[in-house]
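J.: Each chain is listed here by its residues.
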Amino acid sequence: MPKPGPSDAGASGTTRGTAPSRVALSMQDFSLSYGTRPALQHVDLEIPDHSVTAIIGPSGCGKSTLLRTFNRMNDLIPGVRVSGTARFGAIDVYASGTDVVELRRRVGMVFQRPNPFPKSIFENVAFGLRMLGVRKRRELEGRVEQSLQHASLWNEVKDRLHGSALQLSGGQQQRLCIARCLAVEPEVILMDEPASALDPTATARVEELVLGLKERYTLVVVTHNMQQAARISDRTAFMLEGKLVEFDETRRLFTSPRQKLTEDYITGRFG
Amino acid sequence: MASTGAADRAYRALLGTLALAVPLVAALIVFEMSRGAAPTLRAEGWHFIFATDWDPVAEKFGALPYLYGTVVTSGLALLFAVPLGLGAAIEPWLIAHLGFLPLFQGFPFGLGVLNAGLVLAIMILPTIVSLSREILRVTPGGLREAALALGATRAEAITVMLGAARPGIVGAVILALGRALGETMAVTMVIGNTNRISASLLAPGATMASVIANEFTEATGKLHLAALIEIALLLFAMTLVVNGVARLLVYWSFGARRDVAGAV
Amino acid sequence: MSPAPSDALTLGSPALALRPLPAGRPAFVRRFSNLLLIVASGASALIVMTPLVLIIGELLVRGLPGMSLGFFVHMPAPVGEPGGGMANAIVGTGILVGLGLVLALPIGVGTGVYLAEHGNGPLGSTVRYLADVLSGVPSIVIGVATYGLVVVTLGHFSALAGGVALGLLMIPTLARSTEEVVRLVPASYRQAALALGAPKWKVTQAVVLPAARAGIVTATLLALARAAGETAPLLFTALGNRFWSTAIERPIGSLPVMIYDYARAPYADWNRQAWAGALVLLILVTVVSALLRLTARRIR
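Chains as they are written, first to last, in my numbering: chain X, 1 to 271; chain B, 1 to 264; chain Z, 1 to 300.
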């Protein structure tokens, strides 16, 4: 699968510097349905590289479905039908030549409820590395430490790397899952309500982490918490009933939304 | 909770008494068989387990050939059944239960230990498949999702699930072993029923259960009968240990209360 | 403690000279192992089903010819003479299973209800554990124990002894299945009844048990079907009887034992009847299992 090159599909606005940003993820007239039930309808969007994009909307609007399209986790549900195109860089996600296993490595995911494996902390992070063929002890240890550092968990676990991951607190488990994801060197990290199962302190840690990760990764975060979206994201997408209603720079979306539906949602008139 | 009246206490006592029947039954079984086996227990002692002669006329008995037959056939059964059973449990196929039937296929290649092992394997397969499926069903699906999202192949993700389910599956296998140890009728018909220990798997043999089934009603003399009862006692002890260990493992993976009583 | 800024440690920094991770399609070994596992598990499923299919096929082919009305209605013919049926054995199985139920139903269901409603203490745990362990005891061992308990005491083989043996077999599974079913009754039913002021025993008796009745019937049928097919425990308790007998203090014939005897006999006619008998048992078990799957789906 060729690595995505700089795209000239049109930069949708950069968040820093003068370098033109690539489009990391995009959809063109993409629709998805579970059997006869439509979940996404004619979505067009472009998510730039090295940014944090939030997806907000009421329950059932298709936020998670949208997210799971990019790493084809929707495939796990029987009866899924798609039309249109979804891309990771230049690669058509649903094309028959696309290797799903490799796609999922490069487009990582963090889930709502932390799901560490019932193994040691070390083995959790090393899982993906071993899978990719990393065998040497020193290399494994180095990469595990690096991932844990990047996930801002190293100092808390460095003395008990071989203890069970299930002994960690919820917030720590979630950061462990993030470390596990980082270890296989993805380019995009999809997060499906990553902090909704965590207490406020742990949530704050995860949000800090997201902001820090922006330097090296592209992040897409589904959240039901609008304040969180406003805090951490550069751009926000508002979805309703499978349609992308509005997609704009976060500050602009929250202060002067263009669509009435968006305004209604933000001001709490529904959802 | 509201104060328990006399009727409540009486009802509970009634149920409790009925429930006490279970330990009572267990105790009765042990007692009865110890009593029945007493003559040989006294006459032969520990020697019984290691002796190989089985001579009702001379009144000398040894259980070793039957222990050997039981262990070998059950081992073969596991050898055949476990990889097949686990493999079948992974894919969600519909597998009907075999039920307990007096099997009497005449295998074209004669009577012997190997055939008995095969027949036993067929009999315990449903147990292994059904229990493994149950156990995999209650293993959290989030593990598989997490593995797939990291870029694992289907096989690698299933391996993660199997790893998490391992204590339960080991328990299921041991339960199946317990079944195989005690299976009587199918084995009796296929194993050839001779008192010799033979290295060849194709040679006939006998198991503890099969010798009891064959000789009990024709037992000559009290000592003969007592020897057979002692073999039953030994079998009982073996299955107790095996099942006790298995249940602990299955409990552990399910949480202490639930169990797959229905599937067993 | 603030999170380490992510650009403090980058790939290729002097501390860790790491070559990039392998990228691109997963290594051949991984793809191959994946394919292998999927093929192997599909093949296993097929292999597991094969004996079942073969057995059913064999039973149908050899059993159907022997299944005439006479099989169900006639008594066994004198030894060596062709013809006759297994009427006494079929009735015998019915009587034995019935006797077993008399013993197992109150104890099994009672224990199950106890475990579900009051079984959270040490007694409950012990009983539960013992019931599970007992359900794994080989049926022949139960037969031997029953021999000592009943046959020796009474001085002769009897249908009663056979019934006791079957009953002992059924108690553990019945108890655990009942417990399972009773636990499934929604807590809201109990709470509603308690809130109306009903004492606990009445809640159990008048609300929980009726709600669980379908499940208990199912569990009983399952235990019944199993017990009906058991041979080993009957070999030296009920023994067997080629003549018509329904007396509980005398030996009685049963279908599985008769099948066992006929199967080993040198008479071709008897062998044929044995196949027919086995087919009858198969049909019995299949029907009960099918019923169970249907009703279980409705309960869940």
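If you're looking for bench data, these hints aren't it; they were derived computationally from the structure.
Mixed in with the good hints, there may be bad ones.
Unchecked claim - Label-pair distances were calculated between CB atoms; the ranges are:
#1 X:102 with B:170: 31 to 37 Å
#2 X:130 with B:167: 21 to 27 Å
#3 Z:35 with X:76: 18 to 24 Å
#4 B:245 with Z:246: 50 to 56 Å
#5 B:50 with Z:35: 35 to 41 Å
#6 X:160 with B:9: 39 to 45 Å
#7 B:138 with X:135: 30 to 36 Å
#8 X:76 with Z:120: 53 to 59 Å
#9 Z:120 with B:46: 18 to 24 Å
#10 B:14 with X:76: 35 to 41 Å
#11 B:138 with X:158: 55 to 61 Å
#12 B:196 with Z:35: 17 to 23 Å
#13 B:163 with X:259: 45 to 51 Å
Since this is a predicted model, take the numbers as computed values, not measurements.
C-beta: ideal position from N, C-alpha, C; glycine also.
J.: Run every hint past the structure and note whether it holds.
T.: Taking the hints in turn, this is what the structure says about them:
Range check, residue 102 of chain X to residue 170 of chain B: Cβ separation about 34 Å, and the 31 to 37 Å hint holds. Between residue 130 of chain X and residue 167 of chain B the beta carbons are some 22 Å apart, a value that agrees with the proposed interval 21 to 27 Å. For the hinted restraint 18 to 24 Å between residue 35 of chain Z and residue 76 of chain X, the CB-CB distance of approximately 19 Å keeps it satisfied. For residue 245 of chain B and residue 246 of chain Z, the Cβ-Cβ distance of about 44 Å falls outside the hinted range of 50 to 56 Å, so the restraint is violated.
Judged by the Cβ atoms, the range 35 to 41 Å given for residue 50 of chain B and residue 35 of chain Z is violated: they are separated by roughly 50 Å. At about 51 Å, the CB distance of residue 160 of chain X to residue 9 of chain B disagrees with the hint of 39 to 45 Å. Here the CB-CB span from residue 138 of chain B to residue 135 of chain X is close to 34 Å, well matched to the stated 30 to 36 Å. In this structure the supplied range 53 to 59 Å is violated for residue 76 of chain X paired with residue 120 of chain Z, their Cβ-Cβ distance being about 38 Å.
In this structure the supplied range 18 to 24 Å is violated for residue 120 of chain Z paired with residue 46 of chain B, their Cβ-Cβ distance being about 42 Å. About 51 Å separates the C-beta atoms of residue 14 of chain B and residue 76 of chain X, a value inconsistent with the hinted range of 35 to 41 Å. A hinted range of 55 to 61 Å is violated for the C-beta pair residue 138 of chain B and residue 158 of chain X, which are about 34 Å apart. Take residue 196 of chain B and residue 35 of chain Z: their Cβ atoms lie about 47 Å apart, and the range 17 to 23 Å is violated.
Distance hint check: the CB atoms of residue 163 of chain B and residue 259 of chain X are about 49 Å apart, consistent with the given range 45 to 51 Å.
Hint check: violations occur at hints 4, 5, 6, 8, 9, 10, 11 and 12; the rest are consistent with the structure.
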